[in-house]
Each structure stands twice: as structure tokens, then as C-alpha cells.
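Novice: Each chain, written out:
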Amino acid sequence: MAELFALLANVWDTVRFPLGGAACLSGAILCIIGTIGVLRFPDFYTRVHAASITDTSGAGLVLVGMVLMAPSWIVVVKLFCILGFLLLTSATASHALVNAAHTAGLQPKIGPMANRGHEDEEEGAH
Amino acid sequence: MAYLLGIFFAILAFWMGNSGYYKPLMLGFAALSIAVTLFACARMKLIDREGAPYVRLFGWLAYYPWLTWEVIKSNWVIIKACLRADLDIHPALVKIRTVCKSDLAKVTFANSITLTPGTVTVEIEGDKLLVHGLYEANTVPEAFLEMDRRCARAADPAEKRA
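Residue numbers (our numbering), protein chains in the order written: chain U, 1 to 126; chain A, 1 to 162.
If you're looking for bench data, these hints aren't it; they were derived computationally from the structure. Hints are not guaranteed to be accurate.
[What the hints assert, rightly or not] Per the computed footprint, the stretches of chain U lying under chain A, defined by three or more beta-carbons under 8 Å from a beta-carbon of chain A, are:
| hint | region |
| --- | --- |
| 1 | 7-14 |
| 2 | 17-31 |
| 3 | 74-88 |
| 4 | 99-111 |
[As the list claims (entries may be wrong)] With a straight-line cut-off of 27 Å between C-alpha atoms, the simulated DSS-like cross-links for lysine-lysine are:
| hint | chain 1 | residue 1 | chain 2 | residue 2 |
| --- | --- | --- | --- | --- |
| 5 | A | Lys101 | U | Lys109 |
| 6 | A | Lys73 | U | Lys109 |
| 7 | A | Lys45 | U | Lys109 |
| 8 | A | Lys128 | U | Lys109 |
Glycine included, C-beta positions come from ideal geometry on N, C-alpha and C.
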């Protein structure tokens with residue numbers, strides 16, 4: 001039984017760095033996808049939705065990757081604290097932004113937005 | 001007194017998890033800082049039901065794994081929306097009514113909606129929430145019924161529940 005545990009610990013030590021690296025990399029890719037969304041979406045309210053990908057899955061995966069590669073339990077505890085505070089505050093920050101825009105009277109674009117990007121380009125060409 | 005002890009153990013666990021040094025000098029600093037924090041909490045009148053929400057711990061433990069799965073599912077929808085060659089988004093603004101009674105439950109519900117990509121709470125007025133969504137199909141009031149029910153179960157005190 002002790003040998004089995006030693007073997008498992010050995011395997012885990014070998015596997016956790018590639019796994020953590022892969023998680024960090026996919027988190028970074030998700031952050032880039034969120035940025036692409038921010039650039040493509042038509043108005044302020046829809047851009048907040050794209051930014052929330054960066055807030056939740058992007059930051060979450062990067063932190064999970066760092067947890068997998070963490071050298072000690074102290075670091076793991078700190079990373080989980082960061083994750084908890086990040087999830088609580090990023091949602092509050094998006095709500096504050098959107099609420100401020102709504103209070104200031106910014107009207108959201110409502111309704112289907114198919115190919116809106118092309119129309120804008122044509123308008124810009126005139 | 002129970003609330004004071006609850007805050008004390010939370011701060012102690014936080015210090016232990018963040019420090020990692022257990023020499024007498026460092027533990028003395030810990031005792032000092034915890035005492036100062038508790039004194040500040042008492043002066044700011046934070047030592048009450050909301051300051052030490054241990055009663056709802058099990059409700060939260062049941063709620064957050066479910067919320068994580070919801071966040072992952074809706075992340076996938078928004079990732080596809082970001083990368084699709086033709087934008088097919090259909091933004092909508094809807095007003096939904098919540099069954100949550102206490103402020104904490106309402107905040108949990110609104111925060112969960114905002115945390116889920118694709119929907120964001122714009123305004124809370126009484127028991128009505130104004131929600132902006134990226135897809136109209138995902139923003140109809142029926143889509144939030146289960147989250148609403150689970151929030152009420154996790155954060156509302158039992159006597160207030162409808």
C-alpha cells in the first residue's frame with residue numbers, strides 16, 4: 001500500500017507541471033478570446049459580456065494552473081484567496097460599470113445583430 | 001459572543017494560511033494584529049449575523065459547485081459567440097422577478113447572474129432585477145428560475161422562505 005502511494009505521488013509530481021502549464025496556456029488563450037469579443041461586439045453592454053470570459057474562465061484557469069504547479073500549501077491557500085476575491089469583485093465591478101452606464105442614460109442596442117459589422121464598414125466607406 | 005468567536009477563527013485561519021511562519025515572534029505579531037482587527041470590527045459594529053455567516057455555510061457549499069458548472073456552460077456559449085465569423089448575437093433587456101427575500105440572497109442572485117457570462121444585472125429595485133443578456137433565448141425570465149430558487153435556498157433564512 002505504501003509503495004502504491006509512493007508511486008502515485010511520483011506520478012503526480014511528474015504530471016502536475018505539464019497539466020499546470022496546459023491550464024495556464026488555455027487560460028491565456030481564453031483571455032485573448034475575451035479580448036477579441038470586446039473588439040468585435042457592437043456596444044458597451046455586449047462588450048461587458050465578452051470581458052466576463054476573461055474574468056471567470058480565463059483568470060480561473062490561469063489560477064488553477066498555478067495551483068497545480070504550486071511549491072507548497074501556503075501558496076495554494078493564497079491562490080484560492082485570490083480566486084475567491086476575484087470572483088466576488090469582478091462581478092461587482094461589471095455590475096457597477098453597467099449600472100453607471102444605465103444610470104447615465106446609455107441605451108443598449110436591442111435585437112438581432114447579424115452582420116452588423118459589415119454594415120458599419122460600408123457606412124464608414126461612404 | 002458566538003459571532004466574535006466566528007470572526008476570530010476566520011481571521012486566525014486566514015493568517016495561518018497566509019503566513020507559514022510559526023516562530024514565537026511571528027505568532028505574537030499574529031495575536032496583536034488579530035486583536036487590533038477584532039477591536040476595529042467591534043468599533044465598526046461588524047460583529048453580527050452578517051459578519052459571521054456560518055449558519056449558511058452548508059447552503060453555500062451546495063450552491064457554488066452548481067454555479068461553477070453553470071458558469072462553465074455559459075462561458076462556452078460566449079466563446080463561440082466571440083469567435084463566430086458572422087456575429088449572430090441578439091441582445092435583450094428583461095425585467096425578472098425574484099423570490100429571494102433577504103438582501104444577502106438578492107445580492108447572491110444578482111452576483112451569480114453577473115458572474116455567468118452572457119448575462120449581467122443592470123439594476124435591482126425591490127424584488128425586480130433588470131438583466132441585460134447577449135442572447136434573447138438565454139435571457140427569458142424562465143431561464144433564471146432555477147438559479148433564483150437555489151439562491152433563495154442557499155442564502156435566505158428558513159423562516160422567510162416562501
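Novice: All the hints need checking, so say for each whether the structure fits it.
Specialist: The hints, checked one at a time:
For the region 7-14 of chain U, the stated coverage by chain A is violated: 0 residues have a C-beta nearer than 8 Å to a C-beta of that chain, whereas at least 3 were required. Counting residues of the region 17-31 of chain U whose CB lies closer than 8 Å to any CB of chain A gives 1, so the stated coverage by that chain is violated, three being the minimum. Given as covered by chain A, the region 74-88 of chain U passes the check, having 6 residues with a CB less than 8 Å from a CB of that chain where 3 are the minimum. Interface restraint, the region 99-111 of chain U with chain A: holds (6 residues with C-beta to C-beta distance below 8 Å; minimum three).
Distance hint between lysine 101 of chain A and lysine 109 of chain U is unfulfilled; the C-alpha atoms sit about 32 Å from each other, more than 27 Å. A threshold of 27 Å between alpha carbons decides the hint, and for lysine 73 of chain A with lysine 109 of chain U the separation of about 25 Å falls inside it, so the pair holds. Straight-line distance between C-alpha atoms of lysine 45 of chain A and lysine 109 of chain U comes to about 44 Å, which puts the hinted pair past the 27 Å bound. Distance check on the hinted pair: lysine 128 of chain A and lysine 109 of chain U sit about 22 Å apart at the alpha-carbon level, within 27 Å; holds.
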